[in-house]
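Enquirer: Chains as they are written, first to last, in the numbering used here: chain A, 1 to 203; chain B, 1 to 203; chain C, 1 to 226; chain D, 1 to 226; chain E, 1 to 252; chain F, 1 to 66.
Derived from the structure by calculation, the hints contain no laboratory data.
Beta carbons: idealized from backbone N, C-alpha and C, even for Gly.
Accuracy of the hints is not assured; some may be wrong.
Stated by the list, open to error - Taking lysine-lysine and the BS3-like style, the derived pairs with C-alpha atoms no more than 27 Å apart in a straight line are:
no.: 1; chain 1: D; residue 1: Lys23; chain 2: B; residue 2: Lys128
no.: 2; chain 1: E; residue 1: Lys8; chain 2: F; residue 2: Lys37
no.: 3; chain 1: D; residue 1: Lys196; chain 2: B; residue 2: Lys128
no.: 4; chain 1: F; residue 1: Lys37; chain 2: C; residue 2: Lys23
no.: 5; chain 1: A; residue 1: Lys128; chain 2: C; residue 2: Lys23
no.: 6; chain 1: C; residue 1: Lys23; chain 2: E; residue 2: Lys83
no.: 7; chain 1: E; residue 1: Lys83; chain 2: E; residue 2: Lys8
no.: 8; chain 1: B; residue 1: Lys198; chain 2: B; residue 2: Lys61
To be verified - Not the full set, but computed from the structure, chain B residues with beta-carbon under 10 Å of chain D:
no.: 9; residue: Pro26
no.: 10; residue: Arg45
no.: 11; residue: Leu50
no.: 12; residue: Gln52
no.: 13; residue: Gly56
no.: 14; residue: Arg59
no.: 15; residue: Gln67
no.: 16; residue: Asn74
no.: 17; residue: Cys77
no.: 18; residue: Thr82
no.: 19; residue: Gln86
no.: 20; residue: Asp88
no.: 21; residue: Leu89
no.: 22; residue: Arg142
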Amino acid sequence: MLQIVNLTCTRGDRALFGRLSFSVQPGELLHIQGANGSGKTTLLRTLCGLSQPADGEIRWKGTSIRQLADDYRNQLCYIGHTNGIQGDLSAAENLQFGTCVGGADSAADIAAALERVGLARAARLPAKLLSQGQKRRLALARLLVAAKPLWILDEPLTALDINFGAVMNERLASHLAAGGLVIITSHQELKVSGRTHKISLDS
Amino acid sequence: MLQIVNLTCTRGDRALFGRLSFSVQPGELLHIQGANGSGKTTLLRTLCGLSQPADGEIRWKGTSIRQLADDYRNQLCYIGHTNGIQGDLSAAENLQFGTCVGGADSAADIAAALERVGLARAARLPAKLLSQGQKRRLALARLLVAAKPLWILDEPLTALDINFGAVMNERLASHLAAGGLVIITSHQELKVSGRTHKISLDS
Amino acid sequence: MSQNLLGTARCIFKRDLILAGRKPADVATPLAFFIIVTSLFPLGVGPEPDVLSKLAPGVLWVAALLASMLSLGRMFAGDHADGTLEQLALSPHPLTPLVFTKILAHWATSGLLLVVLSPLLAMQLNLPTHAMGTLVVTLLLGTPVLSLLGSVGAALTLGVRGGGVLLSLLVLPLYTPVLIFGAGAVTASASGLDTKAYFSLLGAFLLLALAFAPWATAAALRISLD
Amino acid sequence: MSQNLLGTARCIFKRDLILAGRKPADVATPLAFFIIVTSLFPLGVGPEPDVLSKLAPGVLWVAALLASMLSLGRMFAGDHADGTLEQLALSPHPLTPLVFTKILAHWATSGLLLVVLSPLLAMQLNLPTHAMGTLVVTLLLGTPVLSLLGSVGAALTLGVRGGGVLLSLLVLPLYTPVLIFGAGAVTASASGLDTKAYFSLLGAFLLLALAFAPWATAAALRISLD
Amino acid sequence: MYKYASPKNFYALAGRLIPWLGAVTLLLFIAGLYLGLYVAPPDYQQGDSYRIMFIHVPSAWMSMFVYMMMAGGGLVGLVWNIKLADMLATASAPIGASLTLSALVTGSLWGRPTWGTYWVWDARLTSELILFFLYMGFIALQAAIDDPRRSARAGAVLALVGVVNIPIIHFSVVWWNTLHQPASIGSLGKIVSPSIYPSMLHPLLIMSVAFFLFYFTVLLIRMRGEILARERHTGWVAEIVRATPEIRGTHP
Amino acid sequence: MSWRTFFAMGGYAAYVWSAYGFATVVLLWNVVSAVRKRRAVLAMLRELALAGQTPKETGRATLLSE
Ligand code: HEM
Ligand SMILES: Nc1ncnc2c1ncn2[C@@H]1O[C@H](COP(=O)(O)OP(=O)(O)OP(=O)(O)O)[C@@H](O)[C@H]1O
Ligand SMILES: Nc1ncnc2c1ncn2[C@@H]1O[C@H](COP(=O)(O)OP(=O)(O)OP(=O)(O)O)[C@@H](O)[C@H]1O
Ligand SMILES: [Mg+2]
Ligand SMILES: [Mg+2]
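Just chain A, same shape as in the assembly (with noise of 0.2 Å):
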């Protein structure tokens, strides 16, 4: 489905991983691993279309996703280090707003989507004000409205606590078993119960 074909990223001028090739299938989720700098930040950013790689190819079923351009976008969610949230917004216009740009139209459920990362009684807080936790969790609420095949997520766990960690790797569950694709970086362990691969950076 997502297939990496001799990936080589650079940095300023120094290569950070060089001719990297694996695949990832529906159901399938990919935990990419590697001491901090060792590029994991930029091998998302790579596979989602925001920054070139030097070589190589990514495609998805089988098209370069270049050529794919907005078709591919249409496909995948991507939460990165930052999370996309504007402080004087409220937590629901700040979803609202992500959901819309992500090219879905689903005002209903938005309250539902906060209500899933806890956040129901947040809703109308300037995000600002929203513990570091809070927005981690806002960010990820996008995932639940936005309802994509493929999600490239960059350190999801952060931030969080223990309990919402564990609802994450359930939702990272139900979601690989609905036939979806994941691509995730971690420092720590995920416990995902799936079919789950790992990869690592360090040379």
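Guided by the hints, dock chains B, C, D, E and F with the ligands onto chain A, whose structure is given.
Expert: Same frame as chain A, now just chains B, C, D, E and F with the ligands:
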């Protein structure tokens, strides 16, 4: 020697910790611990006199540090999260400037100090080309040149490799043995021989 | 994808206006700058009304240009810092129209307000009343061009050290044609000459900028995010 | 403490000059802005030589003022970001003279260069040659005041959201007296009038700013570091 | 007296004072307007246009007085670290700025019939305009800093620098005008002679007192808001929050 | 004096009444914005309390070892 009485620190409008009291005597090291965001950096900056406490007092040899002002600052050397290194100056120029601002005048010692932190060969490189750990060493070199009794160190061991970490521990021990005071934060365990105390800011 | 492009664009526009409403200082500061700079000129040149009225078109236009340039900083900076820009770039809709919407929202909260404010300042500078209309129309045609061209510069300097001054260097040369014809039209109208030619030129600039700038900005944003 | 205050001050001054030498772009950009703004003016106002020569003092002074304002951003920003400012605040020497040294170094790499450049631009604007001397002297007296007053604004807006435009809003109103008398002197001299009164006033401003601004800047820096 | 320096007591005291102050202010406004608009006769030179004086002059006076209060509050807050003084400075700024704007606009509207133009670069007008900018700078600076303590202290330094500059700005603008020999517009003193009729003086005085009290009334209301915001982690504010019924239509 | 002559203000009606009108707007704005500001703070504090972000007890440092 350094005495903290009923100290309360706030950030934004949030109290980080309240009514903290302790004292540090010559030859003693105080290790401050706590989770991310618990206020360790804030405490250290307050002890330096950079931040004003919301309440309480800090005394050096029995006199409030607000009264002592410059005389107190002349006793201390603070190495914070930021290294105080300007990327466009060479390592030697940076150290020279740092000691000069710190009030010491010891042009001859610069080379020796760089030697002792293992930067002799990098002395003439622009600091921006140094690696993260080398930058940290350069910042710590100020301790050697300045020769102040009170060291206030915020995570000095970050980015240091194991070898130099051990060297740092020795340095700390010999500073204590010479009657110095050390206040330090570190998420790692410190292996310093000497009288060390711990304090935790987690409530 | 149940949401169409238009809906998403409306969503972005609404959000940017709401945000401007919640941070009135961000909107007000360029306006204050506009007022201050136009007020500095009489202080420098002297208070004689007839000298001032001669200067007025040039001063007003230069000040509007500088103010609109200074407001460029906030066009993408906030969204870049908090990661919203990444989400925008990953939207299934083409980036160019989305960026165009953002430029439009930015203009509505900067250039448009400059236009509204300009008659007041023109009065302070003794611009003849019959030239007031021309001033407003030229600004109405010209400030969108400034926002459009400026957005390219803003996108290129995102996250670059010393971005502010660099931005002004990039953008000012591009602004000169607009300035020449904008101020020229007002001067002509103040001395009772015909202004049609100026208007059609400014209109042509606007069309050109509308056609190319959003596309260039979108490309620049993708580069900045890389 | 074997190093005395003077030695430390010399150390700071030397460092800032070296740094300016290693980052020529930072120094050049305000100068470029100065040149661009003075060149934009004839474009906005029209090319008649006598109109221009009448405007020249005001335009040159306003442009110098804006350029010097734009260069304020870098006065403390770099040192704030890399932690040097903390070290400065923790120096056993009083902060006020150290800050004064930094302001001096900043002026030497911005205001002073504007002064050097000004005759060239004055020629472009048809300023009468006999007024050239006055222009240079007023700028020589006035630009340090701009740096001194500006340093307070720069220190207050350190690390603040939207710092650039905010800085200009804070600083421009404070600049007016300098502008009035600086441009006034040049205008007077261009029309052959006496300029002694202007010079003594500018001198008085300089003395006042020297007395108060470094102290206020030091206070503002301590607040920004809190 | 000293006990009202605590935010909690001040909050309560202000709450009790506001209705009374407001009522007196309102009465004075009514009396002043009646005397000024209805009773006072038209001026023999300016006709009825001089009636703008009754709002213009108090606005202009208050615009300067409020800046003094703001800078004074800043100084006290900076030196003695008194929260209420900081809040006084912060709360004064928007009031002062709006009164400055009022002086500018009413003055312009008065200038048109008397001078034939809305605006001239006269000394007093120019320095009032700059005062407005100083207010805007103060407000923008405080709005840009999130930490309330830092914001208060930064504002105080700015207000103090401004207060040193105001006389300098004022006199430079005066000299600027005398040096430039500006457009032939008589000084204000000539227009309103010192031997002003009592029937014109009384409403002016009454309106001035009304503006003065108005400032204090609004100041107290604003300070109560500031106190709630900055003391929100204290128990007594939580108590007040719990005791207030829900207010609709005020979305944060 | 009739109401008509009163409102005519000797021919200066436009200036006088717009000046008074503007001043009224400024004064009313002052009152309304001040009152609304306080209400908004109260409303915000209510929301915060409802969201469970009650003012955190000041953390207290604990000595681990001597
Ligand atoms: C935009 C236009 C105007 C502005 C900004 C303005 C500003 C001021 C200021 C700042 C003051 C207080 C001065 C002080 O007490 O030192 C003042 C007072 C006064 N203004 Fe105006 N003014 C304007 C137009 C006018 C006009 C057109 C008139 C009358 C024809 C006028 C008549 C007065 C009078 C009578 C006083 C009180 C006398 C005094 O305090 O010296 N003003 N104005
Ligand atoms: N513009 C640049 N020039 C040179 N090197 C860069 C540049 N940008 C990033 N780097 C380097 O590229 C490397 C890859 O960074 P990346 O963010 O991908 O790491 P990561 O594996 O995600 O690390 P972490 O675990 O800390 O998130 C880092 O070492 C970083 O210092
Ligand atoms: N201006 C501010 N307004 C509100 N909260 C702030 C502000 N500045 C810092 N904080 C908060 O104050 C807390 C204390 O930060 P501090 O840097 O002292 O933590 P720390 O213990 O050093 O953490 P770390 O281990 O990550 O270095 C953090 O939770 C931070 O989010
Ligand atoms: Mg990463
Ligand atoms: Mg820390």
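Enquirer: It remains to establish, for every hint, whether it holds in the given structure.
Expert: How the hints compare with the structure:
A threshold of 27 Å between alpha carbons decides the hint, and for D/Lys23 with B/Lys128 the separation of about 13 Å falls inside it, so the pair holds. Proposed proximity of E/Lys8 and F/Lys37 is supported: the alpha carbons are some 18 Å apart, at most 27 Å. As the CA atoms of D/Lys196 and B/Lys128 are separated by approximately 50 Å, the hinted pair breaks the 27 Å bound. Using a Cα cut-off of 27 Å, the hinted pair F/Lys37 and C/Lys23 holds, with the two alpha carbons roughly 15 Å apart.
Annotation: proposed proximity of A/Lys128 to C/Lys23 holds, straight-line Cα distance about 13 Å (limit 27 Å). At most 27 Å may separate the alpha-carbon atoms for a hinted pair to count; C/Lys23 and E/Lys83 meet this at roughly 25 Å. Proposed proximity of E/Lys83 and E/Lys8 is supported: the alpha carbons are some 12 Å apart, at most 27 Å. Taking the CA atoms of B/Lys198 and B/Lys61, the gap is near 22 Å; set against the 27 Å cutoff, the hint holds.
Taking 10 Å as the C-beta cut-off, the interface hint given for B/Pro26 is violated, the closest approach to chain D being about 20 Å. Interface hint at B/Arg45: satisfied, since its Cβ lies 8 Å from the closest Cβ of chain D, which is below the 10 Å cut-off. Given the 10 Å rule on beta carbons, the hint for B/Leu50 holds: about 5 Å separates it from the nearest Cβ of chain D. Below 10 Å, beta-carbon pairs count as interface contacts, and B/Gln52 has one with chain D at about 6 Å; its hint therefore holds.
Because the smallest distance between the Cβ of B/Gly56 and any Cβ of chain D comes to about 16 Å, over 10 Å, the interface hint for this residue is violated. For B/Arg59, the interface hint is violated, since its Cβ never comes within 10 Å of a Cβ in chain D; the closest pair sits about 18 Å apart. Because the beta carbon of B/Gln67 sits about 15 Å from the nearest beta carbon in chain D, more than 10 Å, this interface hint is broken. Annotation: interface hint on B/Asn74 holds; nearest CB of chain D at approximately 3 Å, less than 10 Å.
Annotation: B/Cys77 was flagged as interfacial toward chain D, and the flag holds, the nearest CB pair being 8 Å apart, inside 10 Å. A distance limit of 10 Å between C-beta atoms decides the matter here; for B/Thr82 the minimum to chain D is near 3 Å, and the interface restraint holds. A distance limit of 10 Å between C-beta atoms decides the matter here; for B/Gln86 the minimum to chain D is near 6 Å, and the interface restraint holds. For B/Asp88, the suggested interface contact is upheld, since its CB lies about 4 Å from the closest CB of chain D, less than 10 Å.
Hint status for B/Leu89 relative to chain D: holds, with the closest Cβ pair at about 7 Å, below 10 Å. Below 10 Å, beta-carbon pairs count as interface contacts, and B/Arg142 has one with chain D at about 8 Å; its hint therefore holds.
Hints 3, 9, 13, 14, 15, counting from the list given before, are not met by this structure.
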